[in-house]
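Please model the complete structure; the sequences and the hints are all you need to start from.
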Amino acid sequence: MSVPVGPGGRRSRRDRLLGELRLWRPLDLIGVGAAWLVGILLVLVAASLLIYMGYRGLQYVNLDLLFSRPQPGSDQSQTGGILDPIVGTLMIIVIATAIALPLAVGAALWIVEYGKPRWLARVVESGIEVIAGAPSIAIAIFGLAIFQLPMFSWASFSAADGGGVFGRSFIAAGTVMSLIAVPSIFATTREALQSVPRHVREASYGLGKTRWATIRRVLLPTVRPDIATGTALGMGRIAGDTAIIVLLLGATLQLQAGTDIPGIGTLQGTGSTLTSYVYNNSPTGEGNAPEKAYAAAFVLMLLIIALNVLVAFIGRRRAGNDLPR
Amino acid sequence: MAEFPPPVRRISSEQAPNVVDPATRQEIPEPIARALAPSYGPERLRIDEVSIHYAGSARPAVNRVTLPVRQGEVLALIGPSGCGKTTLLRSLNRLVELTPGATRDGRILLDGDDIDQLEITRLRRRVSMIFQQPNPFPMSIFDNVAYAIREQAMRRPGKAVLQPRVEKALRRAGLWDEVADDLGRPALRLSGGQQQRLCIARALAVEPDVLLMDEPCSALDPISTGVVEELIHELRQNLAIVIVTHNLAQARRVGDHVAFMYLGDLVEYAPTEELFTNPRADRTRDYVQGAFG
Amino acid sequence: MLRSLFRPLTDRRAERMLGATAVSVVLVIVAMIVFIAIEAWPSFQHNGLSWFGSGKDVDAELGAMVNAGADPSGDAYQLRAWPLLYATALTTVLAVGLGVFIAVLASIFIVELAPPRVRSIVVPVVRLLAAVPSVVYGLIGILVLVPFVNDHLINEGQRESVSYVITLNGPGLLVSVVLLTLMITPIMISIVVDALTAVPRGWREGALALGVTRWRAVMSVSVRAIRPAIVAAAVLASARALGEAIMLSMVSGSKGFSPQPWDGLIFLFEPLRPLAATIAEQSEGIAAPALKSSIYAMALVLLVSSLFLSIGGSLIKRRLRLGTAR
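Note that the protein sequences, when read in sequence, are chains A, B and C. 1 is the number of the first residue of the first sequence in our numbering; add one for each residue after it. 1 is the number of the first residue of the second sequence in our numbering; add one for each residue after it. 1 is the number of the first residue of the third sequence in our numbering; add one for each residue after it.
Keep in mind that the hints are not guaranteed to be accurate.
Here are some of the chain B residues that sit facing chain C, going by a computed Cβ distance under 8 Å [unchecked claim]:
hint : residue
1    : 121
2    : 133
3    : 135
4    : 142
5    : 148
6    : 152
7    : 154
Since the hints were made in silico from the structure, they are not lab data. All values derive from a computational prediction rather than experimental measurement. Note that the Cβ used here is the ideal one computed from N, Cα and C, for glycine as well.
Written out as structure tokens, the structure is:
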């Protein structure tokens, strides 16, 4: 900028700043200070959390730990690795996402593209809001009631003496966990569908396509990045949830097949995930092996951060603020 | 009003607006000092060689414009859309700085002081702005008019202080008779024309020196437009007013001087009647005769 | 039959199919409430309204339920859940109260104050804080914060003054509220930031053009206009806070005790255990019918309150109407 030599004379930056501040009420200055403080504090808290977890993680994680199976025991050096929890986490993510994805996308499509009768659409929307707000512990305990019904005996295993159904298995935990992912997939998909301009649909109808053909050939490809974002967010919530795992996966250290059928037996059986492993190995749990808990929490954080980076990566092409919801 | 601002440059006692022919980009040599005869009182605002660039655009939005704004006159900025008139207006109280990537060169003097040397808040208290879309706040009529008085004060003034000032501002804006019976009504319930006059009252309540108006009537019906134009006519006694408009008839009705801008350049500046009846630049003639717009 | 599955869907069938998925979500919720209510019924039946009362030792009652075995008498169902309800309400109210304050300031910082470069750091940070699993917060709490509180904040005098009722050894209200606030604040920030960015530009510029300082413009116009969104954020965050089980079971001290504000500073260190954490911890003993029913009763209370909060929150959010001014 050209050098100002106005007849009013030059004032230093400092003078102008002080002059400006004289126009401010003291309370407002405190407000600005507090806002900056909060902003900086949030960054500091997150940074110290990351640094601390990274430090502890690198201290205790090694390849051997990642690829060996956990063993029962009270001595931390004897309790093996975290292979089974890692596998368990991935299994739960796959099962839950596979169920949640069609459910949430279908519901979003119906709401936006059909949505009649209106009252039913409103009920469905509120229903999904209720799921989003429902405590996962309540969802978990509901799942336990369901999967202990005799009609779901195939999903887990029953006591040998013909007693009650155990109700805890990968199938049970994965199915119930899918509810956790539904709201985020639903919300992003619905928002994306609503932002598709009307003329896009009208152009497709104008070509003689049916509604369903429009959905499949035009709308779904358009909103695919948003569905991916919602799914990645949902996966993050699945990977991070502990309550449902503790109640519905049995939280056994190793994967234990429920029946002898290969493959399916594992699904019917119990196991653990990284979250339940951390919970059980924290001082409040049964294991009390802080080193292992830190290591597992570190791996879990890596997974969560990777999913968030993925969201940011997909989200670069999407508009809007990408704060959590 | 004895104090004239000191001369900005020594080239002439009052430098002429730099009138540019957009076709050749040559300054039109014809002296137009006669247009600048100080018949309207002291100069309050001087726009001196102001250019404004937006990041990501090669052309400046405003290109080296020089213009005077005097006490007691209405300066109308006209030109086709995208000619930079709104950008120029928004730079006069530094609102343009809210747009990321906008940079300004050149000086703007308010009563001889460079506005960059003023506190931004103090500047905006003296140079207030009316927007294209009426923007009353979501509160009562009274609270809207009292808003700036309250928020500018270091300590919140009481109702007894506010009441007469609110009434005076509403009277000046010609809205008092219509709303006096219920000042507690939400401002957003008023009609569009009333809302715009409320915004004018809101600005007048803190008695600015200069009033900037960005197409204040473009969202209004013809009757409201007439009322607002009448109001502008009365207000200029005590204020310097700069109004941006794309409505030539309006510029002719309310303007004392008219500046025609085209693609960022100031093409012509003249007393209103002269610009409309006897434009010097071809471009101006084409525009005021409706050849393009 | 099979072939019809692979025929291209007609419009009507597509609508029915999609409608069915949407409705199935609602059915799941209805089933959830019904199932939990059925299982909870015996507990409410035996206790009546005194279920919500106080007066007995909750932990002893829960222990007795396990010992009562597979065929409990009516007495075994006895439960006075007040300390758990109180603990849930206390942690939620404190965390949300603190969180609203932080969230509004942080949102103003993000939307209005922070230079673009700082904003591009703060936004991912908020996202990260929201994504951290509760069990990781719990782990940090139990292994870092709890020892710190125990070693540096609690003195021997305080410990002894209450030693005949409870042990003060770190876990308790303070750590619980700090971590809970950290967990729910990002949710509120997200809602408030959305609302703040939706405030019409005309209002902000209008206020600035009147010579009002930046902060006053934000507070008197933007924040004023988005009050419904702030309330909605608080309500939705409460739903999240009262359902937090795992983290609180790790750091709350896990004792059916009601911290008393008039205990002074000790109040902050007193252990407690909210409903959700109780469910998580007691679920091991779910084979005992009396305990099972009590747990489901707690879950019902949680579910119904979160249901009202979620619906209420979204209703309030819908009331946010930012005029047409641009």
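For each hint, the structure was consulted:
1. Residue-level restraint check for residue 121 of chain B holds (minimum Cβ-Cβ distance to chain C is 5 Å; threshold 8 Å).
2. Checking residue 133 of chain B against chain C by beta carbon gives a least distance of about 5 Å; that is within 8 Å, so the hint holds.
3. Taking 8 Å as the C-beta cut-off, the interface hint given for residue 135 of chain B holds, the closest approach to chain C being about 4 Å.
4. Residue-level restraint check for residue 142 of chain B is violated (minimum Cβ-Cβ distance to chain C is 15 Å; threshold 8 Å).
5. This hint holds: residue 148 of chain B has a C-beta 4 Å from the nearest C-beta of chain C, less than the 8 Å allowed.
6. Annotation: interface hint on residue 152 of chain B holds; nearest CB of chain C at approximately 6 Å, less than 8 Å.
7. Using the Cβ-Cβ criterion of 8 Å, the hint placing residue 154 of chain B at the interface with chain C is not satisfied: the shortest such distance is roughly 11 Å.
Going down the numbered hints, you'll see the structure goes against 4, 7, while the others check out.
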